[in-house]
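**Student:** Single-letter residue listing:
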Amino acid sequence: MIVPAGGVDVADGDATLVARLRDGDERAFEAAVDSLSPAMLAVARGYVRTRSVAEEVVQEAWLGVFKGLDGFERRSTLRIWVLQIVANIARKRAVGEARSLPFSSLEVGDDEPAVEPERFRGADEPYPGGWRSFPTDWRTLPQTRLLARETLDLVDRAIAELPEAQRIVITLRDVIGCGAEEVSEALMISDGNQRVLLHRARTRVRARLERYFDG
Amino acid sequence: MKGYKFLTADGEGLFSRFAWPLPNGRPGRWVESEIEPCRSGIHACRKDDLPYWIAPALYEIEVDGPIEAHAIKVVAGRGRLLRRIDAWDAATRHAYGQMCFARAHELVAASEDRFDDWAPTTEIALTESARLGFIAATIAQLIGGVAAHLEERRRQSEWLVAHLALD
Amino acid sequence: MADSSHVEHGYACREVVELVSEYLEGAMTPEQMTRFELHLNLCDGCFSFVEQVRTTAGMAGRLSEDQISDEMKTKLLAAFRDWGPE
Chain E
1 MIVPAGGVDV
11 ADGDATLVAR
21 LRDGDERAFE
31 AAVDSLSPAM
41 LAVARGYVRT
51 RSVAEEVVQE
61 AWLGVFKGLD
71 GFERRSTLRI
81 WVLQIVANIA
91 RKRAVGEARS
101 LPFSSLEVGD
111 DEPAVEPERF
121 RGADEPYPGG
131 WRSFPTDWRT
141 LPQTRLLARE
151 TLDLVDRAIA
161 ELPEAQRIVI
171 TLRDVIGCGA
181 EEVSEALMIS
191 DGNQRVLLHR
201 ARTRVRARLE
211 RYFDG
Chain G
1001 MKGYKFLTAD
1011 GEGLFSRFAW
1021 PLPNGRPGRW
1031 VESEIEPCRS
1041 GIHACRKDDL
1051 PYWIAPALYE
1061 IEVDGPIEAH
1071 AIKVVAGRGR
1081 LLRRIDAWDA
1091 ATRHAYGQMC
1101 FARAHELVAA
1111 SEDRFDDWAP
1121 TTEIALTESA
1131 RLGFIAATIA
1141 QLIGGVAAHL
1151 EERRRQSEWL
1161 VAHLALD
Chain W
2001 MADSSHVEHG
2011 YACREVVELV
2021 SEYLEGAMTP
2031 EQMTRFELHL
2041 NLCDGCFSFV
2051 EQVRTTAGMA
2061 GRLSEDQISD
2071 EMKTKLLAAF
2081 RDWGPE
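Protein chains in written order, with my numbering: chain E, 1 to 215; chain G, 1001 to 1167; chain W, 2001 to 2086.
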C-alpha cells in the first residue's frame, strides 16, 4: 500500500475536519491545505499551461470549497469532492488556452514499449519473446542503497522529466496516493487511459533506475 | 473448504507480497479478499493444482465465502491458514525436483522425437523444483499432447500427496 | 478436466512487461491472472521486473509532494479568515 508522503490524511475523519473548518479552525485549515494542495495542483496542471495559472486555479478552488462546505454531504471523500471542484474550474480556464492539453487522446494512443524490444529474443530464436538477460532482482540490493537520498532524487528527476500526462498521473497515483477512479474522474479520462499513462510513467522511471543500479 | 497454499519462506504471497497471518498452534486469523492487492480474492490449491504453484513454504488453508473454481486454482472470499505442512521442507523440495528431472529424462529416452538441449545445466536451475516440474510436463505435452501434460501433472500431484501425507 | 495447455504456454516475457500495470491494478480476469502468475512463477526475469515496477511505485511514494508557495498559503489563510464564522 502506497502511503502519501506527508500531511494529514484527510480521507479518515473527513466529517471531523469539515466540522472544524466550518468552525473557522485555522490549524485544521492549514493541515487541509498541506494535505490537499499537492493533488489539487497536479489536477490543475492537467488542464492549464503553467504552474502559476495552476496556483490561481487552486486558489479559486479553495474559495469554491468554502462556499460548498456547508452543503458538503459525505457522498464521497473530501479529497474526491475537492479535486472535482479543481477540475471544473481548471477546465473553464483551459477553454481559453491555445496549447493542446496533455490528455488529448492522441498522446495516449501512441505505442511506447515498456522495455526496448532488443531486450527480448526474436521470433526466429530459441525462447522467442523471452529475455536475453534477466533484469536484476532488486531485493538483493541493500536497503540503504534503495532508499538513499541520491536514489530518491533520481526518481524525482525522472518523474519531473516525464511527458506531462504521465507525470501528472504518476504524481497523483504513486507520489500522493490517490485512487484510480478518483484520478480518472478528476482528469476526465477513461480508466484504461489512466492505466496506460501510469504504466508508461512507471516503466520509464523503472528504466532510469535500472540504468542507475546496473551502470 | 480446505485446500493448500504455497507462500514464500516468510509467509508472504509470492506475487501479492501480502503477509499472511501465520498459524501458530492455532489457525491464523481470517483474511478477507479486499485486503489482497489484486482484489480478486483468496487463492488456494486443490491437490491437483499443487504442482503449478511450487514455492518454499506450504500451508493448509480453509476458505469460504463465495468460492469460484478455476482451471488450476480456486478463488474465495476469505481464507485462513490452518497449519504449516512441515514435511514440505528443503529436502522434500529437492527430492521432488529430482523426481521431476528423472521423469523428464525418462520421457525423452522413451520418445522417438529428438529433444536437444532440453535439460537445464546451471546449478541453480537444477534445484528449482517448480521449473523442473514444468519441464517434465512440457516434454510430456510435446510428446503426447495436452492429455499427457495433465497426466504428468497428476503424477506430480500424487507424489506430493504421498510424500507430504496430505489426507 | 480443464484444458490447461493455454495456461502453460501463456504469455511471452515481451507480453508480460506490457501487462504488469493491469496486473498490479487488479484489472485482469482470473484466467489472465492465473496465466500471468504462472509465468512469474517460472520466469525469474519477469518476476524481477514486476518487483522492480512495484519498487519504483513505492519509491515515488516516498517523495515529498509538490506544495503551493508560502505566499499562496498566506493568501488562502486570509481568505479562510474572511470566510469564517463571524
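Keep in mind the hints are simulated off the structure, nothing from the lab.
Treat the hints with care, as some may be off.
To be verified - Derived CB-CB ranges, DEER-like: (1) G:F1018 x W:W2083: 55 to 61 Å; (2) E:P142 x G:T1008: 16 to 22 Å; (3) G:T1127 x E:E150: 47 to 53 Å; (4) W:S2069 x G:G1077: 45 to 51 Å; (5) E:Y212 x W:E2018: 21 to 27 Å; (6) E:E150 x G:E1158: 49 to 55 Å; (7) E:R132 x G:F1018: 27 to 33 Å; (8) E:D25 x G:D1086: 55 to 61 Å; (9) W:K2075 x E:L147: 34 to 40 Å.
Claimed, not checked - Reference excerpt, derived from the structure (chain W facing chain E, CB under 7 Å, subset only): (10) E2018; (11) S2021; (12) G2026; (13) M2028; (14) A2057; (15) M2059; (16) L2063; (17) D2070; (18) L2076; (19) F2080.
This structure is a prediction, so every number in the text was calculated from the model and none was measured.
Yeah, the Cβ is synthetic: ideal placement off N, Cα and C, and Gly gets one too.
**Student:** Each hint should be assessed against the structure and marked as holding or not.
**Tutor:** Results for each hint:
The hinted window of 55 to 61 Å between F1018 (chain G) and W2083 (chain W) is violated, with their beta carbons roughly 45 Å apart. Separation of P142 (chain E) from T1008 (chain G) is about 20 Å and conforms to the stated range, judged on CB atoms against 16 to 22 Å. For the pair T1127 (chain G) and E150 (chain E), the beta carbons lie near 36 Å from each other, so the given range of 47 to 53 Å is not met. The hint said 45 to 51 Å for the Cβ distance between S2069 (chain W) and G1077 (chain G), and at roughly 48 Å that hint holds.
Against the hinted window of 21 to 27 Å, the Cβ-Cβ separation of Y212 (chain E) and E2018 (chain W) comes to about 23 Å, which satisfies the hint. Hint check: E150 (chain E) to E1158 (chain G), Cβ distance near 53 Å, so the stated range 49 to 55 Å holds. With their beta carbons about 32 Å apart, R132 (chain E) and F1018 (chain G) fall inside the hinted range of 27 to 33 Å. Checking the proposed 55 to 61 Å range against D25 (chain E) and D1086 (chain G) shows it holds: the Cβ atoms sit about 57 Å from each other.
Checked against the hint of 34 to 40 Å, the pair K2075 (chain W) and L147 (chain E) passes, with Cβ atoms roughly 36 Å apart. Contact between E2018 (chain W) and chain E, as hinted, is supported at the beta carbon level, the nearest pair being about 6 Å apart and thus within 7 Å. The beta carbon of S2021 (chain W) comes within 4 Å of a beta carbon in chain E, closer than 7 Å, and the hint placing it at the interface holds. The criterion of a C-beta within 7 Å of any C-beta in chain E is not met by G2026 (chain W), whose closest approach is roughly 9 Å, and the hint is violated.
For the restraint placing M2028 (chain W) at the interface with chain E, the shortest Cβ-Cβ distance is roughly 11 Å, beyond the 7 Å limit, so the hint is violated. A cut of 7 Å between beta carbons decides the hint on A2057 (chain W): the least distance to chain E is about 5 Å, and the hint holds. With a least beta-carbon distance of about 5 Å to chain E, the hint placing M2059 (chain W) at the interface is held under the 7 Å criterion. At about 5 Å, the closest approach between the beta carbon of L2063 (chain W) and any beta carbon in chain E falls short of 7 Å, and the interface hint on this residue holds.
The closest approach between the C-beta of D2070 (chain W) and any C-beta of chain E is roughly 11 Å, which is over the 7 Å cut-off, so the hint fails. Below 7 Å, beta-carbon pairs count as interface contacts, and L2076 (chain W) has one with chain E at about 5 Å; its hint therefore holds. Interface hint status for F2080 (chain W): upheld, as the beta-carbon distance to the closest one in chain E is roughly 5 Å, under 7 Å.
Hint check: violations occur at hints 1, 3, 12, 13 and 17; the rest are consistent with the structure.
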